[in-house]
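Colleague: Position in the sequence shown (from 1) plus 43 gives the number in our numbering.
The hints are simulated quantities; they were obtained by calculation from the structure and are not laboratory data. Using N, Cα and C, we set each Cβ at its ideal position, and we do this for glycine too. A portion of the hints provided could be inaccurate.
Derived CB-CB ranges, DEER-like [what the hints assert, rightly or not]: (1) Y109 with R217: 39 to 47 Å; (2) T195 with D119: 35 to 43 Å; (3) V90 with S59: 12 to 20 Å; (4) G185 with D125: 31 to 39 Å.
Subject to a maximum C-alpha distance of 30 Å in a straight line, what follows is the list of computed DSSO-like cross-link-like pairs (lysine-lysine) [stated by the list, open to error]: (5) K92 with K157; (6) K95 with K135; (7) K208 with K190; (8) K191 with K58; (9) K92 with K52; (10) K116 with K49; (11) K54 with K186; (12) K135 with K157; (13) K49 with K157; (14) K186 with K95; (15) K54 with K157; (16) K141 with K116; (17) K52 with K116; (18) K157 with K208; (19) K55 with K157; (20) K49 with K190; (21) K49 with K141.
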Amino acid sequence: MLYSPKWSKAKKQLKSFTCESLRSRVDFQVINYRRAHDQLGRAVITVDKVEKLNMCTITAEREEYYRERAIQKQLDDFNFDDVSNNLAIQEKAHQSLKNEAIYAQYDFFSVLEKYFNASIEDCLDSSDSLFKILCLLDRRIGKRTLKKMNDTIASEHPLVQDFFKLRCEAENVRVVI
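Turn these sequences into a full structure, and let the hints steer you where they fit.
Modeller: Below, the structure is given as structure tokens:
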């Protein structure tokens with residue numbers, strides 16, 4: 044899903060969802076590599092002009108390939124002609140990357156689409172790290188919700204914890220992680 048023609052509109056909408064205290068500090072950027080064969084590139088979330096999350100398609104696809112190969116080597120009777128098994132291996136490798144917060148640009152756009160159409164409760168219940176990060180930056184999350192999240196945030200990915208700390212700091216909410 045290439046977002047190029049609509050990225051400015053999506054970015055405007057994303058910025059409008061960002062809480063007031065972080066609106067000037069957090070930025071979202073999409074960089075497309077013109078000479079790449081599919082013209083995809085990377086999406087970046089920056090805080091105070093420092094990259095916090097880099098979602099590079101090339102890096103993610105390379106990592107996914109290596110994970111797929113590792114899974115294939117674990118299976119002694121791997122068969123290239125077994126399409127359903129190959130798709131299951133690919134999905135397992137992709138899910139492994141998402142669990143480690145390694146995303147491609149198209150993952151960002153996919154999550155963005157879901158985020159724009161989801162309620163804030165659905166965002167909070169998501170197991171996807173990127174979804175949670177966008178949720179933590181959302182203006183619909185208040186101080187009481189942040190305080191409630193303090194108990195469960197320790198089990199989240201370190202990136203999610205970093206964005207949680209950033210939001211709590213911006214809102215002057217005292218938390219202990």
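Colleague: Does each hint hold? Answer for all of them.
Modeller: So, going through the hints one by one against the coordinates:
At roughly 42 Å, the beta carbons of Y109 and R217 sit within the given window of 39 to 47 Å. Between T195 and D119 the Cβ separation comes to about 40 Å, which falls inside the hinted range of 35 to 43 Å. Evaluation of the 12 to 20 Å hint for V90 and S59 yields a pass: the beta carbon distance comes to about 18 Å. One distance hint, 31 to 39 Å for the beta-carbon pair G185 and D125, is violated here, with the actual separation near 50 Å.
With a C-alpha separation of about 26 Å, the suggested pairing of K92 with K157 holds against the 30 Å cut-off. At roughly 26 Å between alpha-carbon atoms, K95 and K135 fall within 30 Å of each other, so this suggested pair holds. With a C-alpha separation of about 11 Å, the suggested pair K208 and K190 falls inside the 30 Å cut-off, and the hint holds. Proximity of K191 to K58 is assessed by CA-CA distance (about 25 Å); at most 30 Å being required, the pair is judged to hold.
Restraint check: the Cα-Cα separation between K92 and K52 comes to about 21 Å, which is no more than 30 Å; the hinted pair holds. Restraint check: the Cα-Cα separation between K116 and K49 comes to about 41 Å, which exceeds 30 Å; the hinted pair is violated. Between K54 and K186, the direct Cα distance comes to roughly 25 Å. Compliance with the 30 Å bound is thereby established for this hinted pair. About 21 Å separates the Cα atoms of K135 and K157, which keeps this hinted pair within 30 Å; it holds.
A threshold of 30 Å between alpha carbons decides the hint, and for K49 with K157 the separation of about 15 Å falls inside it, so the pair holds. Among the hinted pairs, K186 with K95 is consistent with the structure: their alpha-carbon atoms are about 23 Å apart, no more than 30 Å. At most 30 Å may separate the alpha-carbon atoms for a hinted pair to count; K54 and K157 meet this at roughly 14 Å. About 21 Å separates the Cα atoms of K141 and K116, which keeps this hinted pair within 30 Å; it holds.
Pair hint K52 plus K116 does not hold up; C-alpha atoms about 44 Å apart against a cutoff of 30 Å. For the proposed pair K157 and K208, the alpha carbon gap of about 24 Å is at most 30 Å, so the pair holds. Using a Cα cut-off of 30 Å, the hinted pair K55 and K157 holds, with the two alpha carbons roughly 16 Å apart. At roughly 35 Å between alpha-carbon atoms, K49 and K190 are farther apart than 30 Å, so this suggested pair is violated.
At roughly 25 Å between alpha-carbon atoms, K49 and K141 fall within 30 Å of each other, so this suggested pair holds.
The structure fails hints 4, 10, 17 and 20 (numbered hints given earlier, in ascending order).
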